[in-house]
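J.: The chain contents come next:
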Amino acid sequence: MTAIINASTSSGLITTADTSGTLALQSNGTTQFTVSSTGAYGQLKQGTAVASTSGTSIDFTSLPSWVKRITVMFSGVSTNGSSNLQVQIGSGSVTTSGYVGGYSRGTMASSATSGLVVQATPAAASLYFGSIVFTNITSNTWVGSGNTITNASDAATLSNCSLALGGTLDRIRITTVNGTDTFDAGSINIMYEG
Amino acid sequence: MPTKIIVDLAAGTTTEVELEGAELEAYNASLAQQAAEAQAAQETPAPTEGE
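Quick mapping for you: the protein sequence lines, in order, are chains A and B.
The first sequence maps to residues 3 to 196 in the working numbering.
The second sequence maps to residues -17 to 33 in the working numbering.
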């Protein structure tokens, strides 16, 4: 059951009350926005920017089940090594394999199976800028794409991938392929919507 | 100790915790692999001129 506020083209405003704790805003009988105990569908939410100055990974957890698109933003991000920076998604835990896709940077191109590569062969002193997006294409299958560049005036890294999760996406991780390089500059934030 | 940052969107909290369990094992395995690769690179003789 759902409480409803419906803007009807024939009858005007129609309200239907119940005790479900869920409210649907409808346009002529079609739900456009839902508010429930677990969140609201149809809105854009922004996290709080995290300083990427320590740690080998940054996890954003407890993403709502209604999320259909996630944007990860990088501003002046750097690590202390040259391992590729990558983004991974997960359901209950982070999925570290099975990604289908790859990346290119200038004339270099490669496949990547452990995540969506954000920045390829970075120099330790470089700062990364740009964003990547994961979009739910159907069920628990997600498609990712990225476009980033460094402050070194070199070629952009372009990347794409697809991954079918075993359940509802609830987390996203930013880390390096070797898993040992440590973040040492910049900030990272996400936006999510459904 | 290696760490990771966890942003819990539902709780609105950001914490930095030490790696443990499988994640710490993977971290140590990656370090060992990098050391082995560096050692192998050092032991590989550079090609002489004309080769």
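Since the hints were made in silico from the structure, they are not lab data.
Ideal Cβ positions, reconstructed from N, Cα and C, are used throughout, including at glycine.
Where hints are given, some of them may not hold.
Claimed, not checked - Restraint ranges, calculated between C-beta atoms of paired labels, are given here:
(1) B:A20 <-> A:F35: 21 to 29 Å
(2) A:A157 <-> B:Q21: 25 to 33 Å
(3) B:A8 <-> A:S67: 45 to 53 Å
(4) A:S12 <-> B:T(-4): 48 to 56 Å
(5) B:G3 <-> A:S112: 53 to 61 Å
Unchecked claim - To be clear about the criterion: a stretch of chain B counts as covered by chain A if any three or more of its residues have a C-beta under 8 Å from a C-beta of chain A, and this derived list gives those stretches:
(6) -15 to -3
(7) 4 to 17
J.: Now look at each hint and say whether the structure bears it out.
T.: Quick rundown of the hints versus the structure:
1. B:A20 <-> A:F35: 21 to 29 Å: Taking Cβ atoms as reference, A20 (chain B) and F35 (chain A) lie about 55 Å apart, which means the hint is violated.
2. A:A157 <-> B:Q21: 25 to 33 Å: The hinted range 25 to 33 Å holds for A157 (chain A) and Q21 (chain B), with Cβ atoms some 32 Å apart.
3. B:A8 <-> A:S67: 45 to 53 Å: 28 Å, violated
4. A:S12 <-> B:T(-4): 48 to 56 Å: 50 Å, holds
5. B:G3 <-> A:S112: 53 to 61 Å: Hint violated: Cβ distance 30 Å, outside 53 to 61 Å.
6. -15 to -3: Result for this restraint: holds, n = 11.
7. 4 to 17: As far as the stretch 4 to 17 of chain B goes, the hint holds, because 5 residues have Cβ atoms under 8 Å from chain A.
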